[in-house]
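*Asks:* What follows is the residue order along each chain.
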Amino acid sequence: MNAAQPGLPAATAPRASLWRTALYKLRRDRAGLLGLAVVVLYLVAAVGAWCGWWAGDWALITGTKWGPVSAQHWFGTNIIGQDIFQRAIYSTGTAFQVGLVVAVLAVGMGAVIGAVGGFFAATWIDEIVLWLMGVLDAIPFYLMVAAIAFALADNPYAMHVAMVSTFWTTTGRLVRGEVIKLRGLEFVEAARAIGVPPVAIIFRHILPNTFHILLVQLTLCFVDAIKAEVVLSFLGLGVKDGMSWGLMISESTLEFLAGHFNNLIVASALLFGLVFAFNMLADALQDALDPKQVA
Amino acid sequence: MVVVRAAVLALLLVLAGCADPAGPAPREAADLDGNASIKTFRYSLDQAPSSLDPVQAANVYANHVVLNAYDTLFAYKYLARPYQLKPNLADGWPEISPDLLVYRIRIKHGVRFQDDPAFAGGKGRELVAADFVYSLKRQFDPKNRPQGAWLWQGRIAGLDDWKAAGSDYDREVPGLRALDRYTIEIRLLRPFPQLLDTLALGFSAVVPREAAEHYGRELGTHPVGSGPFRVVSYDSSRVVFARNTAFRQEPVDLQAEGYDPATQRYTGVERIQGRSPPFVDRLVIDFASDDASRWNSFIKGNEIQVTGVPAEKVDEFLESYDPVQLKPDYARRYQVASGLEAGFVFETFNMDFPEFGYNPDPERERRNKALRCAIIKTFDWEARNQSWYFGLGTVFPGIIVPVVPEFDPQLSRTSVTRDVAGARRLLRENGWTAENLPVLVYGQSAGVKPRMFFEQFRAQLMDIGWPQEKVVLKQYATFGDLGRAWKESRLPIVSKGWGLDYPDAENTLQLFYGPNGSPGSNDANYRNPEYDRLYEKAAVMLPSPERRALYRRMNQMIIDDCVAITGLSRKRIYLWHKNVVALPDREIVGGFFLRYVDVLPEGESARPADLEPAG
Chain S
1 MNAAQPGLPA ATAPRASLWR TALYKLRRDR AGLLGLAVVV LYLVAAVGAW CGWWAGDWAL
61 ITGTKWGPVS AQHWFGTNII GQDIFQRAIY STGTAFQVGL VVAVLAVGMG AVIGAVGGFF
121 AATWIDEIVL WLMGVLDAIP FYLMVAAIAF ALADNPYAMH VAMVSTFWTT TGRLVRGEVI
181 KLRGLEFVEA ARAIGVPPVA IIFRHILPNT FHILLVQLTL CFVDAIKAEV VLSFLGLGVK
241 DGMSWGLMIS ESTLEFLAGH FNNLIVASAL LFGLVFAFNM LADALQDALD PKQVA
Chain F
1 MVVVRAAVLA LLLVLAGCAD PAGPAPREAA DLDGNASIKT FRYSLDQAPS SLDPVQAANV
61 YANHVVLNAY DTLFAYKYLA RPYQLKPNLA DGWPEISPDL LVYRIRIKHG VRFQDDPAFA
121 GGKGRELVAA DFVYSLKRQF DPKNRPQGAW LWQGRIAGLD DWKAAGSDYD REVPGLRALD
181 RYTIEIRLLR PFPQLLDTLA LGFSAVVPRE AAEHYGRELG THPVGSGPFR VVSYDSSRVV
241 FARNTAFRQE PVDLQAEGYD PATQRYTGVE RIQGRSPPFV DRLVIDFASD DASRWNSFIK
301 GNEIQVTGVP AEKVDEFLES YDPVQLKPDY ARRYQVASGL EAGFVFETFN MDFPEFGYNP
361 DPERERRNKA LRCAIIKTFD WEARNQSWYF GLGTVFPGII VPVVPEFDPQ LSRTSVTRDV
421 AGARRLLREN GWTAENLPVL VYGQSAGVKP RMFFEQFRAQ LMDIGWPQEK VVLKQYATFG
481 DLGRAWKESR LPIVSKGWGL DYPDAENTLQ LFYGPNGSPG SNDANYRNPE YDRLYEKAAV
541 MLPSPERRAL YRRMNQMIID DCVAITGLSR KRIYLWHKNV VALPDREIVG GFFLRYVDVL
601 PEGESARPAD LEPAG
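Line order of the protein sequences matches chains S and F.
Residues in the first sequence are numbered from 1 upward in steps of one, following the numbering used here.
Residues in the second sequence are numbered from 1 upward in steps of one, following the numbering used here.
FYI, nobody ran anything at the bench for these hints, they're computed from the structure.
Small disclaimer: the values here were computed from a predicted structure and weren't measured.
Each residue gets a CB set at the ideal place from its N, CA and C atoms; glycine is no exception.
Accuracy of the hints is not assured; some may be wrong.
As the list claims (entries may be wrong) - Covered, in the sense of this in silico footprint (three residues per stretch, anywhere, with C-beta under 8 angstroms from a C-beta of chain F), are these stretches of chain S:
1) 56 to 65
2) 236 to 243
3) 247 to 261
What the hints assert, rightly or not - Listed next, the in silico DSBU-like pairs over lysine-lysine satisfying Cα-Cα at most 35 angstroms (straight line):
4) F:Lys470 <-> F:Lys537
5) F:Lys77 <-> F:Lys163
6) F:Lys163 <-> F:Lys143
7) F:Lys578 <-> F:Lys39
8) F:Lys327 <-> F:Lys369
9) F:Lys449 <-> S:Lys227
10) F:Lys300 <-> F:Lys143
11) F:Lys537 <-> F:Lys496
12) F:Lys449 <-> F:Lys537
13) S:Lys65 <-> F:Lys449
14) F:Lys474 <-> F:Lys369
15) F:Lys474 <-> S:Lys240
16) F:Lys300 <-> S:Lys227
17) F:Lys163 <-> S:Lys65
18) F:Lys470 <-> S:Lys240
19) F:Lys108 <-> S:Lys65
20) F:Lys300 <-> F:Lys578
21) F:Lys487 <-> F:Lys163
22) S:Lys65 <-> F:Lys470
23) F:Lys39 <-> S:Lys240
24) F:Lys496 <-> S:Lys65
25) S:Lys240 <-> F:Lys449
26) F:Lys77 <-> S:Lys240
27) F:Lys77 <-> F:Lys123
28) F:Lys300 <-> F:Lys369
29) F:Lys474 <-> S:Lys65
30) S:Lys65 <-> F:Lys369
31) S:Lys227 <-> F:Lys578
32) F:Lys537 <-> F:Lys369
33) F:Lys496 <-> S:Lys240
34) F:Lys537 <-> F:Lys143
35) F:Lys487 <-> F:Lys449
36) S:Lys65 <-> F:Lys77
37) S:Lys227 <-> F:Lys470
Just need the whole structure built from these sequences, with the hints factored in.
*Replies:* Printed below as a string of structure tokens:
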């Protein structure tokens, strides 16, 4: 009998999956875990604000003009006596709402369009996809948002539409490239050979193999959406009826001259914390899910 | 090494070429392009006018430009307080018939329009009586989208018919004629004591027909007038004027302008006695809606030279509120003046909205009144005063503002005193609940301050149980867009400020006169036959105790019918650089003062030496 040659992997040896390996690596990434913990903390704050467990009085006047930091008002009050802490926490909900909606839709859209373009690479379908992505990328983001906000008038989701319609292209390009690579592999060839229709091949066999890209893109897109929301709200193009860190920062322009900075400091600090944590998490995920490193 | 030396030498030569051997010219002695020996005065406004066409000079911002580019028959004296009219383009006071129905106004000879390609040969011609007639007719020509016709509507014989017949400028109007080259005749349908005041407004500024026909709609960006300045450039951020070198020579007579040495000598205006305005070569007005930007530009020292003191800076700058006095350190650097605005801020319900105003169902209309009264009771004027005006404003009931003689200081203050319990009771007694309260759309222009006004208003409504989601903000990109929404009666509640066009309570009472409904000045679309009857009766009366009594009765009607949440007059505090010779004032005269401004070299003070603060 032939013995197995030492140094060669045994055909029957258990092989760790990409996901399991990634999870293993993520667990050992302290910065990533810290980022995750902070994001979860923000998420809890956001869920509480959505459910009305806290920050429900963000719109009420509960104090005096520019009230100081106190047990009742942890971050003081603004120019009309509203509690800055409640407004900041409520804004966390807004940030997550915008981040989640935009990230899921933009990444989903990018995945589908990118996969279709990649699968049909070098055909007229791919040409159209590339042209569309090129055109959208060529329009400056804030001009695009202003145009869409104007076109949709008072629609509270104008900002979401604008972001989704521009953010998907990055994911689209990445997925397209990945799909071009995947479509030449044996499992796709095999599916084709047994007559699986293209739509099923794309959605059942190819797209699941791009999830590691999509997951990282979700986190990056989430962060981009939050940052864009703050900027747009500051400019008056974002949140129409509600509260956001961008609106708080814009509100603070009324207070600088009088030497009050609570709105600015609180909103900026919370924004910084969330973006920083998400970036750490995104970095960790990228490292963990990178097939080359996993291999 | 040689190459390096050569490069350094070349660099030094280039730098030397860039440097001005005389050093930087003082800002007031240089124009925007840096040309020395040009005397420039830089002013600022918190909004930009949407048009410079006199027919659309509906706000103080447009008037600031229009009144300096064009001429009006009358004007307000520069220094007299209370405000007093004086002839401007008019050559003296008019002849008025004993029945007060016919006015004959002579205009000055030799007044010329500025040179412009609109004129034959590009040379401005003499301004004549027919130009005024043409200009007033423009207010009644719908093609011009005029906003000031309400002032003369139903008052000048034949003018309304002229409009109804198609606004043919070649057709004569019996009540508005040029008798000869220099005489205007106005025939009224009924006495109009404020007629001469209306002829000081930008709405009545004199436009040459050639320019209006040459530029059409473009006249709104390309003024062609006979005023002390001509517009060099204009956009949404700034208007730049140059001195109109052809402006008539009229030496200043301070006594005639109402100069009071006891209170005004500190301004240094004695320096302009006997000189003909304008005194600066360039007038630049920056439009900056952000208080902080204007303030920083002023403090910087070489940009805008006059500003209002932002509420946020009041404590830092003022030694005392009443009288307004600067802290010593600032008093050495700046001049200050203050006064209550000739106007007010207020909110009106649009009575054409069946959810809040008139309703075919009498029972609902009765409940609507209770709803409006409850909103008025919950409105917190003191909070608004503290939040936005540092408590310096004057809160008063009704629509007769404190600066006019008809103001009644004894009027009950119930309508401006917050009563949340009373408001809740009123709602309860009239069957209003959180479920059946209507959605209230609150319109504002874009910007953080208007947004915070809304938040304050909404929070106050929430105090009486109004659901948060039923108070909705509708923001418009510009103040002009918001104004159009008011005029087109698209908002159930109108939040605005009103500056008096003339110092007479009639000017605020007309805001609720039925025939002035949208698109007129009655944004509330209030229609009360008794109110209208009293208004019409008072409108033809000269100032008298009887007229005052009528005014006050009308004022009480507005309060009793809960049509408006009113009101507050703001205190204006003007601060200007001490080398500027001026008494700034944006009330009523709205920009007339700019022709009298002079600028001294940097470092000099307009204030007489004996009035300089010690130290």
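*Asks:* Hint by hint, where does the structure go against what was stated? Just the numbers, ascending.
*Replies:* The structure breaks hints 4, 8, 10, 12, 17, 19, 23, 26, 28, 31, 36; every other hint is satisfied.
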